[in-house]
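Chains as they are written, first to last, in the UniProt record's numbering: chain A, 1 to 441; chain B, 1 to 441; chain C, 1 to 441; chain D, 1 to 441.
Simulated from the structure, these hints should not be mistaken for lab results.
Identical copies go unnamed one by one, so any copy, or any two together, can satisfy a pair.
The calculated SDA-like cross-link candidates involving lysine to any residue, where the alpha carbons are at most 25 Å apart (straight line), are: (1) K296 with A243; (2) K296 with T235; (3) K296 with G285; (4) K296 with E246; (5) K296 with E328; (6) K296 with T233; (7) K214 with A243; (8) K15 with E40; (9) K296 with S247.
4 protein chains.
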Amino acid sequence: MRAGPAIEALRPQLKAWRRDFHHHAESGWVEFRTASIVAEELERLGYDVSVGREVIDADSRMGVPEPEVLAQALERARDQGAVARWLPALAGGYTGVVANLETGRPGPVLAYRVDLDALDLQESGDGHHRPAREGFASCNAGMMHACGHDGHTTIGLGLARLFIELKAQLSGRIKLIFQPAEEGVRGARSMVEAGVLDDVDLFIATHIGTGVAKGTVVCGHNGYLATTKLDVTFTGVPAHAGANPESGNNALLAAAQAALGLHAIPRHSAGASRINVGVLSAGSGRNVVPGTATLKLETRGETSEIDEEMQRRALAVLRGAAAMQGVEMAYRLAGEARNCEPSPALVDFIHSHIAGLPGIDNVVATENRPSGSEDATTMMQRVRERGGLATYMVFGTELAAGHHHQCFDFDEDVLPVAIHTLAYLALQADAPALRRHSEKS
Amino acid sequence: MRAGPAIEALRPQLKAWRRDFHHHAESGWVEFRTASIVAEELERLGYDVSVGREVIDADSRMGVPEPEVLAQALERARDQGAVARWLPALAGGYTGVVANLETGRPGPVLAYRVDLDALDLQESGDGHHRPAREGFASCNAGMMHACGHDGHTTIGLGLARLFIELKAQLSGRIKLIFQPAEEGVRGARSMVEAGVLDDVDLFIATHIGTGVAKGTVVCGHNGYLATTKLDVTFTGVPAHAGANPESGNNALLAAAQAALGLHAIPRHSAGASRINVGVLSAGSGRNVVPGTATLKLETRGETSEIDEEMQRRALAVLRGAAAMQGVEMAYRLAGEARNCEPSPALVDFIHSHIAGLPGIDNVVATENRPSGSEDATTMMQRVRERGGLATYMVFGTELAAGHHHQCFDFDEDVLPVAIHTLAYLALQADAPALRRHSEKS
Amino acid sequence: MRAGPAIEALRPQLKAWRRDFHHHAESGWVEFRTASIVAEELERLGYDVSVGREVIDADSRMGVPEPEVLAQALERARDQGAVARWLPALAGGYTGVVANLETGRPGPVLAYRVDLDALDLQESGDGHHRPAREGFASCNAGMMHACGHDGHTTIGLGLARLFIELKAQLSGRIKLIFQPAEEGVRGARSMVEAGVLDDVDLFIATHIGTGVAKGTVVCGHNGYLATTKLDVTFTGVPAHAGANPESGNNALLAAAQAALGLHAIPRHSAGASRINVGVLSAGSGRNVVPGTATLKLETRGETSEIDEEMQRRALAVLRGAAAMQGVEMAYRLAGEARNCEPSPALVDFIHSHIAGLPGIDNVVATENRPSGSEDATTMMQRVRERGGLATYMVFGTELAAGHHHQCFDFDEDVLPVAIHTLAYLALQADAPALRRHSEKS
Amino acid sequence: MRAGPAIEALRPQLKAWRRDFHHHAESGWVEFRTASIVAEELERLGYDVSVGREVIDADSRMGVPEPEVLAQALERARDQGAVARWLPALAGGYTGVVANLETGRPGPVLAYRVDLDALDLQESGDGHHRPAREGFASCNAGMMHACGHDGHTTIGLGLARLFIELKAQLSGRIKLIFQPAEEGVRGARSMVEAGVLDDVDLFIATHIGTGVAKGTVVCGHNGYLATTKLDVTFTGVPAHAGANPESGNNALLAAAQAALGLHAIPRHSAGASRINVGVLSAGSGRNVVPGTATLKLETRGETSEIDEEMQRRALAVLRGAAAMQGVEMAYRLAGEARNCEPSPALVDFIHSHIAGLPGIDNVVATENRPSGSEDATTMMQRVRERGGLATYMVFGTELAAGHHHQCFDFDEDVLPVAIHTLAYLALQADAPALRRHSEKS
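Produce the entire structure from the sequences given, and follow the hints as far as they go.
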């Protein structure tokens, strides 16, 4: 591949993009500025760009903020330099972007997925935190790129530039997917349901960091747990706690019973499981029998089957706890993801092709320490269901602090390494080895 | 009244009866020997005697022992001197006796109710305990007259003898009711449903002791709490706790959730309430997810309305707790009683008539310290519903230890005092003052 | 008494005061404007006025807002017409006022206590709500006089004016006590500890409404429950709920266990008890093992002994729940009051003197329905401990909605009735009947 | 090896032993008859036999039955043909046997461990159950060899006979360990603490069945979970639930809180964990605040570190739950075992030597499905700590029903296969390959 010099030339642009996105951090479903800049650049490069409801199924979105929050965020994006002509399509929380590059030569549809969103977290202003020290810390209060998605978006744009230069060497079709709302595993399903993955033969999702050392690349990370996120409300009857406590139906006690019952769901012999009631808020005043309570909870499982069993038990616990206190229970799915199952053939192919590429010291086939969750897994499953191959690659880098920490930062050298490696794979993607395994090719 | 000498003559017999019943203590629904001796004596005296299913409605009995227990107790009664000809009618737990004495003169039906049963308690063998010292402690293991019902039965028989002597001075009809299974408030309902109370104009239930001083008589005790007794079973699915805990449905956890939820039922602003899970037994082995759990619980209320609200909430808690763990819940009513509401007119009448009778130093109208429960209240309500007047009298006496204690004993001097007072009231029972208030008279 | 015409002349001023205080509602410890106007008027009338730390013991205050809240409220009070010269003494939450009127004649110290504070509640803007319709609804967001303390403050000022006119007929000393922060039972203790009650021979606290009919006066309300308010914090260790849940110490589960354990504290056989966890807030994010939880709770008892037992049990539950999860527990007393025990001699005296006064149709000696709580009881106890007599009077009036309701309003006709009655009692206060019972007189 | 014919000759004896032990099933610590027969046979063969306190450390025994149970079982053993001269040493629950055979040639100490005890389980009398049909079902009510230890004991005796025949070909010392009370993981520690394992260079524990197919041998089973068994007692204060519930301290509620808290102990990210409260029994009567409660619980972990963390958390939960209710908590260790960590060198050695032996179709190195627990692991750890090598072998066989099922039975053909294989290994045990890894050899 002759991409080396091209990437070196890109370095300043990569740094500029990453820091601009970091500075203007936008959390899930309000990535209006970020998505508009991405769409504008992709269209400028000559990609066929789709945004908004074309690539996001409205009803499949999870955890969308309230309308006023969306409206305020849109105004802020406009003020902070969003490309105005894209905003109407993105407004209301449809912040996905998909770009296609047709090579004109037969070959597979090769898709790359990156994510756009920041976390709901206040970034550190400490002088030891490089973004603060060098002036690119988030200017948006309570939002921070503390997981590296600013880097992922940059990788997506860097790939886009490179593929234009490499176009003559490519075959089939390149598809770049910029997903909103990965945090809370809320966004992937809406792109899957909009059909974005239906024509994909080969699929690669990417993450930087995650505890992998600089210079190491994981070809098929499979440690992500399947997960389900639920928002729960108990609605009872308030009453004066001194004058007539017997008139109340106590939503706080229902929530307390539920919290204990949820954490007491049995362990699963088939693999790791998790349960967490992360937030509980109940009651309105000290002397009032609490009439309302809300819970934010999540289940996880080493396999989707385990997670489904956890979810089934969780709903029984919630319903029963409500019945105990004579209160109503309602819940809303606030996020979900499957466990991560990379296609062995694609993992093997990558494993056998990328050793020795610039910046890569160590190539690891799979890595299955159970840990967090990731909703690219929903995309991967759709690709596999339709006969394609899918994997999840991790590019190691040094971190200043762990993911989701207010002092998170990463070594930007990982960006050209990832772009080069991912682009290199595109040049090999029409290989017979892959065609054999992909039912569609 | 000319009863004085007659009662003095009775003293040795009263002592003999009381100690015989004490020695052969029989608990609820197995009072075969006691009931047969009572029936025999009453018939001998010339009363019209009904026993068994004539006075006990089978389906309204609560907390009846298992058939084998009933059968063994019947054999034991036979061995201990039961009057054999009554046993067929009593067999199977129909141990009530009702005796009528028609005076031939117009007047009210005046009913007295006493109870027959002992407690499931092992009597003390200590030398300081008079029944042990003097050789009349219970010969039946695990059964003891620790509440004074042996005295009550004796009062009933003493009254029966006296009324025969006083017959010429009486009017209307005398009805003597010997109830089984008062402990656990299990027996009264079955006599009510058999119609025993339907023709009663004036009703007096009696207790000795209860913290009332020797020489004091309470005309209308109204401190008994309404109560409901429930036996509850949770049935889940056992599983190996190491190999596949997720296959189980945990009945022990359902019971634990229920116990907490039951005790957390809100206090009632309209009066005293109570809840107690007295017994919980769950699980079969350390390494097995528990498939079954049983609870014995009770609710109480200062009024029957409060107790009903407690019961309604308790069932919701039980159902919800079962649903939380995916187990089945079944329950059985094991006892119930209403709160005690003596008829004011009858209380006033008694209050104004008994001062100065032998052995009475102090006459108290009502006494409403909330305490235990008593199922004569179910009879009282039936009487009142049909227009009659009803009360619950307490005759004070010194106790060696509290009711239900293994060293319980009482001063037998209370027996002639109670009999004399109750008989005296029968002589006044056709008074216009009572006729006015009793709708039926 | 020749007060009648004087009161009639006061009517417009009473209405003006009440509506001004209602419009500028200030909640507990921030009654800066209200207290300054009260102090200014009392000093103008010739009373000896004490405010701030002279009448408020700093360390005995409970539930004081954060310093920034106090500072903002002070500025708002200044903007809304507070009398500036009193503000330095009131600043920081020392909003009590005490005024003395020495008659120069021997006689008892007769104290009247009213309260100044509004509730933390948003007043209704509905057109059916008279304050909204007539333009005197609260101008302070989230604060509302929904309990009638605006009326109580007005009664205090009306009495102050009247006593100046009646001075020649009075003996002993009149003491007017304007208490802050009655809501949440937070303020009385600080005035007691400052010694405000130590010289009082006769004490009358006052409330309007509370379900008592217009025209009815209760001479000695004794239904208030003793109460204790606690703010509780559990501090554990947060952890990622997917990656390493075993590293966390779960404060939410501690709070849930505690909530159940608190509500399961046994009922008390000596009288009514109450427990309520009114507010529970725990956790920071769905996927984080919750590291903190806070509870706002209260216990109550028909007697202070019952409440103390409830509090003792509550603290055991809280400590145990923390230990179960390995988290720290800390609590703060946020309010407390005793049960209400009016002095029988004072109740009898009032009962026998006020029948037939203008506006009074019905005089009730005592009224003991258990209901809410009131911290004037702390003052009453101090008065009784030092040999004085104390009572709590209720003046009935029609309410537009119940106390603490956002549409609460009352019939202002109650104000002159209460002032006239309370002033009339001052004219009789040197009676031998009271002197006999008050050890100090 | 020329052992083949010798084993064939043994077949009738093996069947006789197995069925005799099966018929006279004795559970943990009361294996008086079984141990006496084993000791007698070993001594007869010429082994140096130690029994009782020589091989059992009294204080390290766990879950020993009450003295009267031990005494009755001893009498029963005597009645059922125990060899009387061994009983004095075994009496009181010291039912271990160790036999040494000194070859006179230098070489390692090679130990085999088998277990003696039956389960507390009633054996099926169904005609489909071979032991019932053929008349060797357990004659001891509530005790049954439902795990195969009758087979293990038989394997031990078969090996003993064979080693006498093979003595001339053996080197070093053979040590046969017959352990009591493996069920409930109660017995191994007492043999370890008595020093039985301290001189062992090579150690092989054995199990038949466990889901492994007939013909398959597992050289190093490593799926057993570390486990801790606790018996817990809560002691509170009983009280009458109607009359004075506030006087009680409720042990049942402490147990309920504990059960929920125990099951809510967080999952461990380092591997499988388990918790089970298998039995909860609380309270004495429906109307009594429960004064006592007992729990039987167990924790497990994929590693001993995880189990220790579970145990640490469990004790915090138990202590906190007791504190919540003001009751006392006491616990007793009722059993414990480590996770299974076979020495790789010994596993490899066995794996490479036994293929093709009679009855073996398939040799598996390791098998790590997490499942139950086994206290031979405590012996294995002691051997490894002192520089020896240890493993746990499984010999597959067909089962009529799962282990611990009342219809459990196995194909007795596995007995000669296991004996032959284990004896064959003794002939190779002085191999350099093993000497290299064992620090002591």
